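Q: Here's the letter readout for the chains.
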Amino acid sequence: MIRVDAITKSFGRQGEVHAVRDVSFTAPDGQITGLLGPNGAGKTTLLRMLSTLIVPDGGGASVAGLDVVRDRYAVREAIGVLSDARGLYPRLTARENIRYYGSLHGLSGVELETRAAQLIHTLGLDALADRRTQGFSQGEKMKVAIARALVHDPETILLDEPTNGLDIMSVRALRDQLRQLRGEGRCLLFSSHVMQEVAALCDRIVILGRGRVIAMGSATELIAQSGAATLEDAFVSLLGSGEGLAA
Amino acid sequence: MTTSPRRPVPARARVAAVARKELLDTLRDRRTLLVTLLPAVVAGPLVLMLMFTVIAGQIDRARELKLPAVGQAHAPALIAFLERQQVTLIAAPSDYEAKVRSGELDVVLVVDADFESDVAAGKAGKVQLVYDRSRDRAQPSIREAEALLRAYNRQWGSQRLLLRGIAPTVGNPLAVDAIDLATPQQSGAFLLFFLAYYGLFAAVMGGMAIALDVTAGERERQSLEPLLMTPARPLELVLGKWLAVATFNAMIVIVTLTGYYVTLRFAPLPAVGVPFLFSVRELAWFLVVLLPLVALLPTVMLFMGARSRTYKEAQASASLVIFVVSIIPVVQLVQQRKDPDWIVWIPVSGQFSLLGQVLRGEGVPLAQLAASFAVPVALAAGMLLLVTRLLSRESILAGK
Chain A
676 MIRVDAITKS FGRQGEVHAV RDVSFTAPDG QITGLLGPNG AGKTTLLRML
726 STLIVPDGGG ASVAGLDVVR DRYAVREAIG VLSDARGLYP RLTARENIRY
776 YGSLHGLSGV ELETRAAQLI HTLGLDALAD RRTQGFSQGE KMKVAIARAL
826 VHDPETILLD EPTNGLDIMS VRALRDQLRQ LRGEGRCLLF SSHVMQEVAA
876 LCDRIVILGR GRVIAMGSAT ELIAQSGAAT LEDAFVSLLG SGEGLAA
Chain B
150 MTTSPRRPVP ARARVAAVAR KELLDTLRDR RTLLVTLLPA VVAGPLVLML
200 MFTVIAGQID RARELKLPAV GQAHAPALIA FLERQQVTLI AAPSDYEAKV
250 RSGELDVVLV VDADFESDVA AGKAGKVQLV YDRSRDRAQP SIREAEALLR
300 AYNRQWGSQR LLLRGIAPTV GNPLAVDAID LATPQQSGAF LLFFLAYYGL
350 FAAVMGGMAI ALDVTAGERE RQSLEPLLMT PARPLELVLG KWLAVATFNA
400 MIVIVTLTGY YVTLRFAPLP AVGVPFLFSV RELAWFLVVL LPLVALLPTV
450 MLFMGARSRT YKEAQASASL VIFVVSIIPV VQLVQQRKDP DWIVWIPVSG
500 QFSLLGQVLR GEGVPLAQLA ASFAVPVALA AGMLLLVTRL LSRESILAGK
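The listed protein sequences derive, respectively, from chains A and B. Going by this note's numbering, the letters in the first sequence line up with residues 676 to 922, in that order. Going by this note's numbering, the letters in the second sequence line up with residues 150 to 549, in that order.
Chain A with its partners taken away, still in its complex shape:
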């Protein structure tokens, strides 16, 4: 469960760039919550605050009951993050990349090996596991990054634009993976600027624009709320015509 309460973050010398303004929502366990918004809406900043990488200027948030500022390291143990930056170590094999993160999360010995092997198998990486990630395709790299983020079996999972740069086969495989994690009762927060992505996967949608929450609810609720015929129309009409949309 993620609770976000009036969270605010500004950048710039005088804090003149308001990246996130007064955002509140909750993301329950056993559901996929989508953060939908155009480029620059504040999605990455919001996810970075939830993953305790940056500190909010105002308001607060908790993940799995832990405060993102006060209990930042406990939060890090409870979450798995697939961030916007997802570089692997090209000279290490897929398994070594996963193992490294496992050891930073305190796993070791048989427990670590079993967990890594299990993730490699579920993500269909068996044939690649002991090859260096140097020549991996985007989709293969993504799978390793996901395995790395899930190595410590986190109950909350944050994903920042996970489908960026993936072909349709990889996107489908990813969706199946996320649905399975939802089935295990985990809390997933998924950000995207691609509306179809969010519509296909998410139980709840939070629409962000210029750092604020514009609307939230299920796809049907949002369509009803805007009076539009499709989710796309609903999205555009809720954001207003001023926002550019790269859907």
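Think of the hints as simulated: they come from the structure by calculation, not from any bench. Keep in mind the model is a prediction, meaning the values are calculated, not measured. Honestly, I wouldn't trust all of these hints.
[Unchecked claim] Lysine to any residue pairs mimicking SDA-like chemistry, simulated, CA-CA at most 25 Å apart:
1) A/Lys816 <-> B/Ala168
2) A/Lys816 <-> A/Arg854
3) B/Lys272 <-> B/Asp261
4) B/Lys215 <-> B/Ala168
5) A/Lys816 <-> B/Arg370
6) B/Lys461 <-> A/Gln809
7) A/Lys816 <-> B/Leu173
8) A/Lys816 <-> B/Arg458
9) A/Lys816 <-> B/Ser372
10) A/Lys816 <-> B/Lys215
11) A/Lys816 <-> B/Lys248
12) B/Lys461 <-> A/Arg766
13) A/Lys816 <-> A/Arg766
14) A/Lys816 <-> B/Gln221
15) A/Lys816 <-> A/Ser901
16) B/Lys461 <-> A/Arg854
17) A/Lys816 <-> B/Leu546
18) A/Lys816 <-> A/Leu841
19) A/Lys816 <-> B/Thr459
20) B/Lys272 <-> B/Val203
21) B/Lys248 <-> B/Pro188
Add chain B to chain A, keeping to what the hints say.
A: Using the frame of chain A, we list chain B on its own:
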């Protein structure tokens, strides 16, 4: 929910995990390994061989003088004297002047055709030395030929005086006994500088590539942000990375010094009378003296790497550090003064001075060694905290 409560993880386990991974990553990087290890393995012995050969060549030239001569038959006594002094006399080619000018011949002896008749008439016998003073390489031969002729002159004169019942000291009141300190001691001193300098340089350079790779490289590869989201504290990451870099740096220093040791001990180097020892004892002392730099330089490189966005940017600032550090010993050498006692407190200068002491067999007092550790250790700790602060800043995520 499958999450099980996990026991707390000791910080040292995470530090070790980071260090292990960075070392593995570096050892897999064949290009960096080649560029860092190859000079350490090859350059030292190679340069040592070259320097030894050059110095030995200079000494040999003076010792085994080959003197082309014209008109040897006119002064048989002089020729016999020269041959007794181990000079090999050969007939000079007719175009000897051109050959001296072109550097093919160092010096040529020309005995005047009227030598015998002049001497018989009580006049001075004339000989000429033909040489080109501007040629450095010919200097030892020229000096040697001049000295031999002077010696012959003195001997002949003394004999004549003796025949007339006069003590030789009447004609040679000044007994000049030249003791040349320049060779081989001075060439030895240069070798000494070189050995100390190269050891120092290995400690300065050895960790650069890996230090920049684990900081700026990590940022450039976009792997820093996910790493900062793990439960590893910034200080643990920095300590782990530093351990890896310092270990690698130590390895480079050991390889470099071992290269020297093996070359000096086993390579068929010409004997030039090196006035210092480099045994296992000196090798061990070198390592001890260089230890503070092996620890300090990686922290400086990590700092340079952590404040740069790309590897290339980091390399530019790191090169500046290396330039400054590598010029310090040269300044010390050029000054040609005995180092003051307080020099041991200054990083780099102190180590360089102590390395010289080790080579000259003077030994390193414990108090001096402790003084040479103080500043680098304090600086290294400060730098590590600075790097930790850099990694804790939110702006480290900006500017990909």
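Q: Run through the hints listed earlier and report the numbers of any the structure violates, in increasing order.
A: 4, 10, 11, 14, 15, 16, 20 and 21
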